[in-house]
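Chemist: Here is what each chain is made of, one letter per residue.
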Amino acid sequence: MRVLAAMSGGVDSAVAAARAVAAGHDVTGVHLALARNPQTYRTGARGCCTLEDSRDARRAADVIGIPFYVWDMADRFHEDVVDDFVAEYAAGRTPNPCLRCNEKIKFAAVLDRAVALGFDAVVTGHHARLGADGLLRRSVDLAKDQSYVLAVLTREQLDRSIFPLGDLTKAEVRAEAAERGLAVADKPDSHDICFIADGDTRGFLAGRLGETPGDVVDASTGAVVGSHSGAYAYTVGQRRGLHLDRPAPDGRPRYVLSITPKTNTVTVGPAEALDVSDVHAVRPVWTGGARPDAPVECEVQLRAHGEVVPATVALDGDRLHAELRRPVRGVAAGQAVVAYRPDPAGDVVLGSATITG
Amino acid sequence: MLDEALEAYVATAREVGNASSLHASGRRARRRVEESREQVAAVLGARPSEVIFTGGGTESDNLAVKGVFWARRAARPDRRRVVSSAVEHHAVLDAVDWLAQQEGAEVGWLPVDAVGRLDPQTLRAELAAHADQVAVVTAMWANNEVGTVQPVAELAAVAAEHGVPFHTDAIQAVGQVPVDFGASGVAALTVTGHKLGGPTGVGALLLARDVPATPLLHGGGQERDIRSGTLDTAGIVAFAVAVETAVKGQQEYAARVAALRDDLIERVRQAVPEVIYNGDPTDRLPGNAHFSFPGCEGDALLLLLDAQGIACSTGSACSAGVAQPSHVLLAMGADDDRARSSLRFTLGHTSTQADIDALVAALPAAVDRARRAAALRTPR
Numbered sequence: 000m001r002v003l004a005a006m007s008g009g010v011d012s013a014v015a016a017a018r019a020v021a022a023g024h025d026v027t028g029v030h031l032a033l034a035r036n037p038q039t040y041r042t043g044a045r046g047c048c049t050l051e052d053s054r055d056a057r058r059a060a061d062v063i064g065i066p067f068y069v070w071d072m073a074d075r076f077h078e079d080v081v082d083d084f085v086a087e088y089a090a091g092r093t094p095n096p097c098l099r100c101n102e103k104i105k106f107a108a109v110l111d112r113a114v115a116l117g118f119d120a121v122v123t124g125h126h127a128r129l130g131a132d133g134l135l136r137r138s139v140d141l142a143k144d145q146s147y148v149l150a151v152l153t154r155e156q157l158d159r160s161i162f163p164l165g166d167l168t169k170a171e172v173r174a175e176a177a178e179r180g181l182a183v184a185d186k187p188d189s190h191d192i193c194f195i196a197d198g199d200t201r202g203f204l205a206g207r208l209g210e211t212p213g214d215v216v217d218a219s220t221g222a223v224v225g226s227h228s229g230a231y232a233y234t235v236g237q238r239r240g241l242h243l244d245r246p247a248p249d250g251r252p253r254y255v256l257s258i259t260p261k262t263n264t265v266t267v268g269p270a271e272a273l274d275v276s277d278v279h280a281v282r283p284v285w286t287g288g289a290r291p292d293a294p295v296e297c298e299v300q301l302r303a304h305g306e307v308v309p310a311t312v313a314l315d316g317d318r319l320h321a322e323l324r325r326p327v328r329g330v331a332a333g334q335a336v337v338a339y340r341p342d343p344a345g346d347v348v349l350g351s352a353t354i355t356g
Numbered sequence: 000m001l002d003e004a005l006e007a008y009v010a011t012a013r014e015v016g017n018a019s020s021l022h023a024s025g026r027r028a029r030r031r032v033e034e035s036r037e038q039v040a041a042v043l044g045a046r047p048s049e050v051i052f053t054g055g056g057t058e059s060d061n062l063a064v065k066g067v068f069w070a071r072r073a074a075r076p077d078r079r080r081v082v083s084s085a086v087e088h089h090a091v092l093d094a095v096d097w098l099a100q101q102e103g104a105e106v107g108w109l110p111v112d113a114v115g116r117l118d119p120q121t122l123r124a125e126l127a128a129h130a131d132q133v134a135v136v137t138a139m140w141a142n143n144e145v146g147t148v149q150p151v152a153e154l155a156a157v158a159a160e161h162g163v164p165f166h167t168d169a170i171q172a173v174g175q176v177p178v179d180f181g182a183s184g185v186a187a188l189t190v191t192g193h194k195l196g197g198p199t200g201v202g203a204l205l206l207a208r209d210v211p212a213t214p215l216l217h218g219g220g221q222e223r224d225i226r227s228g229t230l231d232t233a234g235i236v237a238f239a240v241a242v243e244t245a246v247k248g249q250q251e252y253a254a255r256v257a258a259l260r261d262d263l264i265e266r267v268r269q270a271v272p273e274v275i276y277n278g279d280p281t282d283r284l285p286g287n288a289h290f291s292f293p294g295c296e297g298d299a300l301l302l303l304l305d306a307q308g309i310a311c312s313t314g315s316a317c318s319a320g321v322a323q324p325s326h327v328l329l330a331m332g333a334d335d336d337r338a339r340s341s342l343r344f345t346l347g348h349t350s351t352q353a354d355i356d357a358l359v360a361a362l363p364a365a366v367d368r369a370r371r372a373a374a375l376r377t378p379r
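Just so you know, the sequences run in chain order A and B. Each residue of the first sequence is one higher than the one before, starting from 0 at the first, in numbering that gives the first Met the number 0. Each residue of the second sequence is one higher than the one before, starting from 0 at the first, in numbering that gives the first Met the number 0.
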């Protein structure tokens, strides 16, 4: 097959590209330039859009011996990922930008362009398994598993995707990179949001949404217990950084229960008030078989690297409802609910949807 | 590298010697350097003392633009204007920009016409208005992207009328079109090795004796005190061989390559009728064919043709490798989309009819695909 390897400049995508070559594919490497002004990311930046990353990707492509190009996806990235990220926070939700980038950029804008240019598939260094059966499964390395942020992909997108790293642990990927002479073998993992170079999400949002002071309200008494400089900066389940003026009457810690953008209010309460047993979500995608008519017994994951709980999942038109077998704390609107079917050969992604509440 | 140049390089590199030393091996090295200087001067119509060896084209351009600016401003502080065409290579463009940003230079950017040609009347008008303030004028001999050859002798004559030194970046021109330093009347001329079959990292600035230039590099005082640094004897010898070979073979080479190029243009036009041929149709580098492919992105076409073994070029890229719309095309009046849809095919010594056949065979399908890919793009 003629395949396009998306190369971030990190070790995973470099090994993925090399493995695609070894598998006999005709591989072309592409680095996605996502920053509108990469020069500003010159030093100290982490993530996927710095000059250094672009050079690392090119160097890896040269070692692997494949053609390499840079594709300018900055405008699309800013509209579909960065602006979306800000808008979601402004609406009181908690977005996952990596998931959005997969959905809108890597497996949409890039894949579409690749197909138009005559490529059959896109290869990435995601840690997930996608075998001949077309089912998306968790990586063997559960600590690095990225099936959660890929669960948003449709059947058509998965059919044109190759994830060569699903059978490897991260340590094995690094060892293989070293064996293959790839200089990125020891490059540190990227953890933070790539377009927030200093890791200060709150500062990033404040710069775009401005500071709008408002009240922190106790859910049980309705009393104002503190103030904040912008409700968008809070996430459901958050405990730190609340700066409450007075302790709760029961003396127990308070958590963010909800964010109401309309009134710019952050509502806090005790931990148990965070417990959620019913999860409602929209825009479901179902790839682990035919779309079910009846409720499905499965497991669900409600945030990246979050706990997995047994649940009954039902689809109804554009809605998904998950009834959790035991309550989960800190379910945030904007995150994805991903349904898995436990499987000894790697838990299978059944489908996903965006949590509304 | 040309075989002759490579052999000269290896033979010289085996000999040790610093051309600045007084002992026997130094003398031998110096002799090689001076013979090379005479060789370059002879084929380019310069006097040996006008040849300053440098580390290549970028250095020569920087030395000419900054060095002459500094020296002439030092002599008269109100002389701080630089005049440059809008279609220069970045080695000139960015040096001029730097003078504007860091040295308080004023810049007169001269527009070009739709084929990328700088009209001598445009320069005349600029100098009529500002001659007293102008430290240096720079305009390339031939454009590296669209291939347009400038009326250098006419431009140099206009500058001379006003007593302003005229520099030309002739990197693309030497070996491709006739270049004579003395006859052209320019004050400074950039030439570099790797564009004409010589080594990378060796070039020269031809600089008339009466033109002052402040050095970029200070040190041992080599090269008329204008360019310090131990001379790269082997590189210089190979460079001189390459210059001589290229200049002596220029006519025959140009005739052969221009015929191939004209065939390429004709057949590309047949294969893709809506193509726009850019640059001056007659005053142009023999090996240059430059097109805009409406509805395509140049970098998509490049990828598709590269996969078929056909090498071509888009404009330049920023430091992260993102394709930028060419400033040359924009200066010629192209809009952003047309600038981004452009592609250059360069023919050279090794080009054959078969290369053109392969290009013409691959092009229609590539254009088709590139169009489909471009249709997906979000409108800017």
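Quick caveat, the hints were computed from the structure, so don't treat them as lab data. No residue lacks a Cβ here, since even glycine has one placed at the ideal position from N, Cα and C. Treat the hints with caution; some may be incorrect.
[Stated by the list, open to error] Simulated DEER-style distance windows between Cβ atoms:
hint: 1; chain 1: A; residue 1: 317; chain 2: B; residue 2: 106; range: 55 to 61 Å
hint: 2; chain 1: A; residue 1: 202; chain 2: B; residue 2: 281; range: 48 to 54 Å
hint: 3; chain 1: A; residue 1: 86; chain 2: B; residue 2: 103; range: 42 to 48 Å
Chemist: With reference to the structure, classify each hint as holding or not holding.
Modeler: Here is what the structure says about each hint:
no. : hint                        : verdict
1   : A/317 <-> B/106: 55 to 61 Å : holds, 59 Å
2   : A/202 <-> B/281: 48 to 54 Å : violated, 59 Å
3   : A/86 <-> B/103: 42 to 48 Å  : holds, 44 Å
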